[in-house]
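> Chain by chain, the residues:
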Amino acid sequence: MSYNVDNLPQFVNTAGKITILTAVVGLAVFVLAFLFNAGTNELMKAEATSTASTTLTVLNTPPQWDIFAFEETESSTSSPTNSGRQIAWVGTASDSNAQPYFLIVCSSSATPTARANNTPYCNATSSLWAVSASTTSGTQARAATTTTEVAPYAELNDWYAWVCDYDTVNPRCNNVASQGISATNSSPFHVNRRPVFTDFYNNSPANPGASFTFFSTSSDPDSTGGDDVIRLHVCNENDFSTTTSMCGAGGYIASTSPAVTDDATAVYTLPPVIQDQLYDAYGFIVDQHGHVAIGSIQGSNEPFEVANVAPTVTADSININGGLDISLTNPAGQTTGYALEFVTSDANSCINYLSNPEVDDVIVSLLRSDIGSTTCNGTAGAYNPNNCYPSGVGTSTWNLSCVSATSTTCGGATDPTVEWNCTFPLWFLTDPTDAGSQFATASWTASIAAIDDNNATGSFAVGTSSTWIDVLTFPALDLLTDEITYGALEPGQPAGPLVATTTIASVGNAGLDQDVEGESMCTTFGISTPCPVSATSTVPDSSQRFSTSSVAYSSGLTLSSTTPFELEINVLKSTSTSLFAQGITYWGIQVPGTVTLAGSYTGLNTFYAVVSEPDEWD
Amino acid sequence: MKLFCAQWRQAFSCLLFLFILFVPELASASFGITPPYVRNTSLTRNTTYEQQILLVRGDPSIPLRAQIIVDAPEIASWIEIVEGTSVPLPRGEQKVPMTVRVKVPSDAEFKDYEGIIRIRTVPDTDAVNAGAVNISLGAQVKIDLSVIDRVIEDFRIRKVSLSDLNEGSKLAWLFFPGKIRFGMLLENTGNVDIAPSRVEFKIYDFAGNVLLEETRNLGKITKVAPYATEEVIAELPTRLPEGNYFVRFSIFNGDEFKHGGELNMSILPYGTLEAAGFGFMGLSFMHKLSLLIPLFTLVILVLYGLYNVRERRRRTSRA
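From first to last, the protein sequence lines stand for chains A and B. The first sequence runs 0 to 617 under numbering that gives the first Met the number 0. The second sequence runs 0 to 318 under numbering that gives the first Met the number 0.
So here's chain B without its partners, still in its complex pose (with noise of 0.2 Å):
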């Protein structure tokens, strides 16, 4: 070997050489799962809660099944494998999704429970080589599940979004300001419905050193299912032109601080985007009152002028 290896010509023909020796030899049969457990420490009654599980696996040249064993006797009745317990894997597909669904009866103990779900491979055509003790590859799910009996309010931002805006627009005297669309993807982490409280976004010049603008958001934003994570917008209004901004953004759970961060913006020229900006929703109150009074007044007239009428007919009626 020595001698083999002694010239630089020769190193990396070595090197090749003892890699070769010394890798293991896989039979490519290999096979996972992920994550390996089926974990909620905040379900309620009467709640359901899904987890999916990939099974995956090396090579999926050929097809096998995967049979899947619930071994969790207090809570049997609660899981359900939405494929069923034999899911195929079919040839080439490297990953297969198991959803387990948790449905907590309305009254089930308030306490912990466990259990293991069991998942082996198993050739789709049963056959196996004879004469020999066959070994068949599989995965252990671990089941952690906490039922309480009081109401979490929580979720945690994932992602962060701000698209560019055109600039308000003008109307006669009244401004409609340009409608800044915040995403946030949202994962609910308590067991009730749940959306940002309210969203605020502090508008500094580009260089982030001279504050032009607070804004809020304006109207409801989605809510999220228990466990689910889904994207969410918050609508705010600004009146500021066209331009490039800093902002800092802070999002509330009802009066807490969740999540802030910082992120650019960009206000595009008015009509430069295919956007709707604010309608009436962004009126600030004093056009808010110019278009209401005005309107009410015209009500008022009407109704007066029918009860008017009304009265008049009553009249010649009755002589």
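Just chain A, with the same shape it has in the complex (with noise of 0.2 Å):
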């Protein structure tokens, strides 16, 4: 045999050799056993009895199911395991070695391989599950995972147990494979996805005591039993509760009821009294597991606004003057000081969000109930102070002061109400209403409408016919020239037609008539001290005539002193501030041929107001 050197370099330079070193290893092995029985312990497993041995090799057994696998927690279509959740398999065997085990889940039936000193794997075709630590033998071993959106999890997931040992020489795995040990336990494991939210929206805004709707993009990818229902829950913060799918200390919004497949809705109905502004509103989708939806849109905010209704004003709540009639006072003037209230709702509230009034105006006119407030409507052309007295002429014209008692009668944002106070003045000239005069059928009362902080203005409320109160007559009268002048007369002298004049004006609300008396004159006269009876040096009050005309002396009415006249002067009713109503009466005097003292003779003649008939004012 010839070798090739060159080729084989390593072979042919050990060529024979090895053949010899192994016989001489081979013999001393030999005599090492046979010498001094070396690895009797070591290496014997059985030895005969010293007349005949024979080997054997106890194989290493797999370890063998006490208990078998199950899912630790269910995890099944009705209570599957979410996403980003832990599942678990426990289960116990046995090994006869008493060597610790596994306990491997791989997703298909095929066995896996144990391995020496290490854990099994789950075979080429199938998933590892999970893989338990090693897990002494007789005790119970668990094995878990953490699920997860992605593959290899999918919604439904088979699963096949197993237990191995890690022999060093020849590791074995039970190939009994577990799938669990009961309805609820067992194989597959089911994964709950996250339900999907891409948009959240409302359809604020909406009037206090009304409904709007939250909408959402919302889906959920799960199906087995059935497609997931998602429910969306809205939230005043950013407070949602993962662990309990409910909204923290911040509170509900809404939430849908019932649960749907898709695009959850949640509806929400406003308190009746809110303020109007924008409210934080966060929304979270959750599927019927409890597992929320992920991303940038859960838990958005996406605030909804409450819309600004205009106030209103209880009709009942109109109170003028105290719920008392109206006197007026001040002849020719204006009477001020008296007093309006009433009370103004609004669904916003009575103070808005930033603390101030939520109702910060208000549009008043008082009126004689029959003119009606489509024509006293409030507005500068309205004005009449016989009738009409509307907020809109302003204060030079109708000084109408009113505050709302907001500090004091508003109680928070959850109060629709606050009372208003006004004062304003009366002119003297102010329709009567009472019994008997002009306009006795009719009363007066106030029409207000009331305006918010964002200029909403509310219907007219007009004061209901209980609240209405009446104008009393006021009869005043002033004068024009405060005495009369006859001028020098001669005793005796026949009088000439009626010409000295009186002018009496109205001024106050109603026509009049006047009642006439006049004193005896004389150069001694006072109030407390009438003329003495005496045909020389007093004349006497019937020597006084009067008259609405210039006629003659003798055709004129007597003058008494004890015994008043009406004259049917017919002042008529004023209608304007400015311009009074006026009465002439024509006077004249004849003295007596039996006075004979000369001097400046002094008198004292009365007019008293009297309201004439009603038909005679105007």
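These aren't lab readings, by the way, just hints derived from the structure by calculation. All of these numbers come straight from a predicted model, not from anything done at the bench. The hints are all genuine.
One side only, chain B facing chain A, incomplete, derived with CB under 10 Å:
| id | residue |
| --- | --- |
| 1 | Pro34 |
| 2 | Pro35 |
| 3 | Val55 |
| 4 | Ile115 |
| 5 | Asp125 |
| 6 | Val127 |
| 7 | Glu186 |
| 8 | Thr228 |
Every residue gets a Cβ at the ideal spot worked out from N, C-alpha and C, and that includes glycine.
Could you fit the two chains together into a complex? Lean on the hints.
The following block contains the structure:
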């Protein structure tokens, strides 16, 4: 035999040497074993009698199930394992060698491969779900894994559990797989995937007390056992608890009911009283298993808007002058200080979100009821001091002053009402409405509209008939001159026509007639010292005559100090605050011829204002 | 004038000129009264009726006196001017009240009565302008009375008010309802004392759509004397919680519906207002029973015990 040493240098150089060395070593081993009985304990598993020896290698056996593996926590259609959560299997096995063992869970029925001093692994066609730590024989092993949204995890996942040891020589897996021990803990396990939430919005603004809807674009990818249903929860704050699937301390706004499979919505009915502004609203989608969506939309804030509504005035709250009839007390002028009270109500509360009054202005008309609030409508053009006082006329003409008692009568953001207190004047000619007056079938009332901080004006509320009050008749008169000057007369001189005049003006709110009486005249006259009865020094009362026109002296009415005489002077009711209705009385006197005492005679005539018949007022 | 008023710049001056020309000059001694009547058509015998009349004048810078003369021959003895027949009108006082008191005698005839009261103003100092006929201003009050022999029970509600209230409270098993205080300014237009016979509330939600509770006043309402106007209070229990409500109220005179209307009502959390709620009166019937039955039982037991003790003592003393 020849060798090409160039091609096989490592073999050629040792050729034959290995064989000899092998023989020498074999001999040495034999001698060692024979002479010293070496390896008796180390190598021999069975020792035959001294006369015959048999060798037997007993192989490692795999662990045996004591308790088949099962899902530690049910993972089923009704109780799936949420993605991101852990699923665990437990089982108990014993090893005949009392060796520790592993619990391994794979996705297929192919038996996994055990490894010496190492964890087993699943077959190549199988996915490893979980493998336990080395577990003492006879004790429970636990294998767990955290599920995810992505592969290899699907909604349904078959599992097969095995037990394997890790014998150093012959590691083995039990070829009996476990798939659970009852319906609720058996293969497959279910992974519940998160719902998908891509949009969140609402259709506000809405009025207080009205409803609006929160919308979402949302769905759930799970369909086993029927599509998973989802709910939209809307919270006041971003404090939704994934543990309890409830809003936190901030509280709920709305949630979907009943649950739906797609595009969950939630309807919110606003409280009857709520401030107009934007309110935070955080949206959360949760599926039927309490699994929340993730992403930027989950927990996003989509504020809703409460619309502004116009305030109202409670008609029965309108109160003029404390409910008492009005007495005018300033002839020819304005009587001030009358009170008007009412309550405004605003569903946006009595204060706005800045804690300022929600209702910040009012339109007020004080009117004679038969005029009507359509005519007396608050505008300046409707102003008529006889029967209509609108706030639109301005304070320089009608000094209405109204303030809301927000600080004392507004109970906070949930209180809709606030009291208003106004003061106003009335002119002397304000139409009376009490019995016997020109407008006895009417009364006085107020028509009021409230205006809020957004300039929304409510409808006019007219005081109900029970709140109406009367303006009392106010006969008042004034004189353009305060004395009658007859001039210089000679006793017994025949009197001509009545030429001296007195003019009275109606400075109240009624048409007037005039009762007239007068005292005798003398040079010593005083109010508490009437003239003595004297033919020579007293001009008797009857010497004066009066009439409504310049008639002859003899045709005039005779003055009396004891019996007032009503002169039908028929002074109209004044209808202008600057031009007063007037009436003229004509006077004449004839000094008796018996009077001998010359001098300045003094007397006192009295004009009594008498309310004329109402049909003579205009 | 045309030239004077020709230019817009001069228009205001023109108007002012005309105004001054035509405004009558008043003597500033104006005088008036309100109301100009003493009127009552439901007087009965032995009743007293008072009517206040305001004496007013335009310029109170000079002290005056009002001299009052009653010209009502048939009823002169019934009528009294409380302030007297000479009423001072002090400087600075633009209005001075004068009260006419009518005392109907027990033998007054049932019929209508008329009369006049004349009021004239004179200088407080008696001073007059010498050599002229001075003019005094006055006014006339018409008296129009009727004495009738029948009772009139009637009133008019002139004003209502509804205060905020605390919600009811619970003590053990007892619920003490909130107390609604409903004020009514009542004018007695009849001739006997009167008060509303009952007040009923229908309480709705704030929108006025859903009826939540019906309640009526507990206890009696203070009566108002004839011809007087006073505020009376009706107290009504409510078991509603805090919130805002809409109320429709009804006020009755006997069985006659007299007055109704609508108001807003706010019920505040318990303890918000320092106002007492209802006590025992406000409890429901069953809650009252739950208190009264044990109480009565206890009283009976005590009485029974006392009776037994007394009987024993009597037997002992006999023995």
